[in-house]
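Sequences are here, hints too, so could you generate the full structure?
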Amino acid sequence: MNPVSLNYRLFFAAALWGMLWFAPLRVALESDMALHMIVQLPTLALTGFLVAIALRSCEPGWLGQADWLGIPGVILVIFTTTFWMIPRMLDVALADPLVDLAKFVSMPLMVGVPIGLSWPRMPVLGRAFLWANFIPKLGALGGLYLAAPTRLCAYYRLDQQATAGWALIAVAVALGTAWFVVVFISWPSERSEVQSCRARQEAP
Amino acid sequence: MTRSFFVLLGLVLSAGIMALAWATDGFRIVTSEGERALAIERSPLAVPDAALVDQDGDVLSINDYSGRTLLVDFIYTRCPTICTFAGDGFQHVLARLGKDTAGSRVDLLSISFDLQNDDREALKLYGQRFGAVAPHWRIAKPADPYSLVLLLKAFGVIVIPDGLGGFVHNSAVYLVDARGRLVRMLDPDMPEQIVAFSEHESNE
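Going down the list, the sequences are from chains A and B. Residues in the first sequence are numbered from 1 upward in steps of one, following the numbering used here. Residues in the second sequence are numbered from 205 upward in steps of one, following the numbering used here.
If you are wondering where the hints come from, they were derived from the structure by calculation, not from laboratory data. C-beta atoms are modelled at their ideal positions from N, C-alpha and C, and glycine is treated no differently. Just so you know, not all the hints are guaranteed correct.
Quick look at which bits of chain B chain A covers, simulated, 3 or more residues with Cβ under 8 Å [as the list claims (entries may be wrong)]: (1) 210 to 222; (2) 235 to 245.
Here are some of the chain A residues that sit facing chain B, going by a computed Cβ distance under 10 Å [as the list claims (entries may be wrong)]: (3) PRO42; (4) GLN65; (5) ALA66; (6) LEU69; (7) ILE71; (8) PRO72; (9) PRO87; (10) MET89; (11) TRP187.
Below, the structure is given as C-alpha cells:
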C-alpha cells in the first residue's frame, strides 16, 4: 500500500472516531438503545478495523506468532463485546463520561484491531464456526429483549428496548442471508469439479 | 504454536474473565438496578436530610422518621402505569400491616419527583385515590430542586421522559431502617415480601 492511501485511511478512521465522540452525535446515538448498540458500537469497532488493515504490513512478527491462528485475538473480541453488552455497562457509560471514553477506546483497540489482524490468520472453518455462532446468538439476544417484561437499562424505555430487540433480529437476518449467499452460492464447491470431470470425459 | 501464544492466551483469558466478573459483581447481576440492590444489602446507605412537603403542607424530612421503619417509593401523580401499581401496592401493604396502623411501627412515604406539575392539590388527590392519610402514609414532594437531586441520587432513581409528556423511572420500594439508613430495595409487585421485610425490620 502506498503511503498516500495509508495516510488517507488512517485519517478517515480518525475522522470517523472524532465524529462519533463529537457531543451532539454522541448524545443522539446514545439516546436510543438500538442506535447505541447497532450503530455506535459497530462503527467504533470499524474505526479500529480500518486502522488494523491499514497497518497490517507493519505488524511486528512476534505478534503474528503469539496470535496463533488468531485465537487470542478472537477471544479478546468476544470478551470485549460481551462486556459492553451487559446492560449495566451501557448505563454506566451513559452516566459517566470516563466510562464512555473507555468504551470509545476499547471498541476500536480491543474489537476492531484484533478483527483486522486476527481474522486473516484464522482457518476458514474457524471463521465459519464463529459466523454460525454469532448470527443466531444475535437473533436470540434480540428475542430476549423483546420478551423481557422489565427494563434492562435504567436509561432506556421499554419500547426502546423492544425496538433494539427487533433491530438485532433484523441485523441477524440480514447477516444470515448475506452469509448464506456467500457460503452457498459464491464459494467454489465440488459442483465445479463435477462439471470439469464431465468436460474431461466429453473431451475426445 | 510458540510459548508467546500461551502467554497471550492466558493474559487475554484471565483479563477477560476478571473484567466480566467485575462488571457483573461476580456473575450475579447484569443490570445497574441489580447492582444497586446488592450494594445496599451489603452496606446500608445514609439517606440525606432533604426537605419535603407533604399533602397537608407539612414540612418534613426522612430523618424525622428516626426510630420507625419507613417504606419509600417514588412517583408522579399523573403517572398512568407504574405509579398506579405502586399506589395499589402500598395500599395492599398498608392493609396487610394491620388495620390498626397507629399500632404499627412501619410508615409509608411516597415522594413525587415531578416538581412542576405536582402541587399540594395533586398530592392530596393522589393520596385520596389510594386512601393515604398522614402521618402513616404521606404523599410528599421535595421542597426545592436541590432536595430533589439529593434524594434521587441517594436512592438511585433515574427519571427519563417517556416522550408523551410523562416519565419513565426505575420503580422499587425502598426500606429505610429506624436509624435512617437505606437497607433494602424491594419489588413493588410483591406486597407480601414488602410486608415481611418491613415487619422483620421493625421488630429488630
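Verification of the hints:
1. 210 to 222: Result for this restraint: holds, n = 9.
2. 235 to 245: Coverage by chain A holds here, the residue count being 5 at a Cβ distance below 8 Å.
3. PRO42: It is violated, given that the least Cβ distance between PRO42 of chain A and chain B is near 20 Å, above 10 Å.
4. GLN65: Holds, about 5 Å.
5. ALA66: 4 Å, holds
6. LEU69: 9 Å, holds
7. ILE71: 7 Å, holds
8. PRO72: Nearest chain B Cβ about 4 Å off; hint holds.
9. PRO87: With Cβ-Cβ at 5 Å, under 10 Å, it holds.
10. MET89: 6 Å, holds
11. TRP187: Cβ of TRP187 of chain A sits 28 Å from chain B, so the hint is violated.
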